[in-house]
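Undergrad: Each chain, letter by letter, is given below.
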Amino acid sequence: METRLRIAAIVATAALVIVIFELVRRKRLMERYAILWLLAGITLIVLAVWKGLLTTVASKVGIFYPPSALFAVALGFVLLLLLHFSLVISRLADQNKVMAQRLGMLQQRLEEQEGAQTAAERGAGAEADPGAGTAAARTGAAAAAGASEDQPGRVEELSRAG
Amino acid sequence: MSQHLAIVPAHNEAGAIADIVREIHEHAPGFDVVVIDDGSTDGTADRARQAGASVVRLPFNLGIGGAVQAGYMWALEHAYEVAVQVDGDGQHDPRYIKELLARLRSDPSLNMVTGSRFLEPSGDGYRSSAPRRAGIGLFARIVSAITGQRVTDPTSGFRMTNRRGIELFARDYPHDYPEVEAILLMHAHRLSSCEIAVRMRPRTTGESAISSTQPAYYMIKVLLAVFVGLFRAKPNVEPGDSSPVTAEHAI
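Those sequence lines, one after another, are chains A and B. Residue numbering for the first sequence follows the numbering used here, starting at 3 and increasing by one per position. Residue numbering for the second sequence follows the numbering used here, starting at 879 and increasing by one per position.
What the hints contain is simulated information worked out from the structure, not anything from laboratory work. Hints should not be assumed to be uniformly reliable.
[What the hints assert, rightly or not] Short derived list, chain B residues pointing at chain A, Cβ under 10 Å:
| id | residue |
| --- | --- |
| 1 | Arg935 |
| 2 | Phe938 |
| 3 | Pro1052 |
| 4 | Asp1054 |
| 5 | Lys1099 |
| 6 | Val1100 |
| 7 | Ala1103 |
| 8 | Val1106 |
| 9 | Gly1107 |
| 10 | Phe1109 |
| 11 | Arg1110 |
C-beta atoms are modelled at their ideal positions from N, C-alpha and C, and glycine is treated no differently.
Build out the structure end to end from the sequences listed, making use of the hints.
TA: Structure, rendered in structure tokens:
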């Protein structure tokens, strides 16, 4: 392989490995997903640096122009990484679905509980004074219970009282 | 409510979990128990609840790192002072909890105490298979060299931490196979840890997080994490730093 091309290949692959390492160091890339990237980067560096190996590999497979072998290997890793991403996305989509289902059920349970609580409070308010037999006490309690929700009714009560 | 919490991560341990919870109640009566059901598909959560534990059910399997961190978040939210991790498979004998607690209490500057299988060379009990022991030995040497103190069992998950440790692990805990990295995390934050000798038991049910097909991935992942960790000047979030999961990055 021509020297200029080799130097370019070495610089490019070394930059790739350094960027991956730096991303892991900054905790932007999990080790779990960095391993395949590092494997690709290191393989490409070895092929770029070790002149004889690339030529041997190329001639064994029947590639006449050795740098093409480097591209072929790189393309192989690109396909592998894409497949890997598809697997990861599938898993994430599955987890996301389960999370949404659980969240929906939790929300339903919470709303049910809140509904039951409000009903219980309203019931307790109406029976606050079980001994009172007068109509005035009963309407008073009903007005108090309705006041929070029934704003026009409350205004009417107040105007009548005034 | 007690000041002390036992965190029991469990994945499909319906056969063992009730015994573990009962043993903790029996041998460590001062400890509340929270079982983190890591997406089990058997009756783990029900058995644990019947045995008297609080149960946090994760909607899907997060792996041991995510499950244990959920336990530390629970401990932080409920203001516990001490938390101990006890595996849900029966390997960790709850009889040792009070020894861990005594050691943690004996020295106020200590933040974490780990139960080690290998501290006593002639110790008996379950000590894992030969290839695993070789891997553990390698990590023991690496971790000892980095921390500058003797660590004999870096893969032991039988650990007790005080409030500082709970705060740290609730904020930041390694993802998969976390034990080795967690020691280095403590060290990076200048929290101190030590080991005491314990006997472990062979697991009664379930299967190891490191199944027979995964040791190569385990070794590579942990070695990579340890190596990269050496280059982190400020490895992890302190209070006031940006959130560990953030959307503010450009790429």
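Undergrad: Under the constraints set out in the numbered hints, which ones does this structure not fulfil?
TA: none
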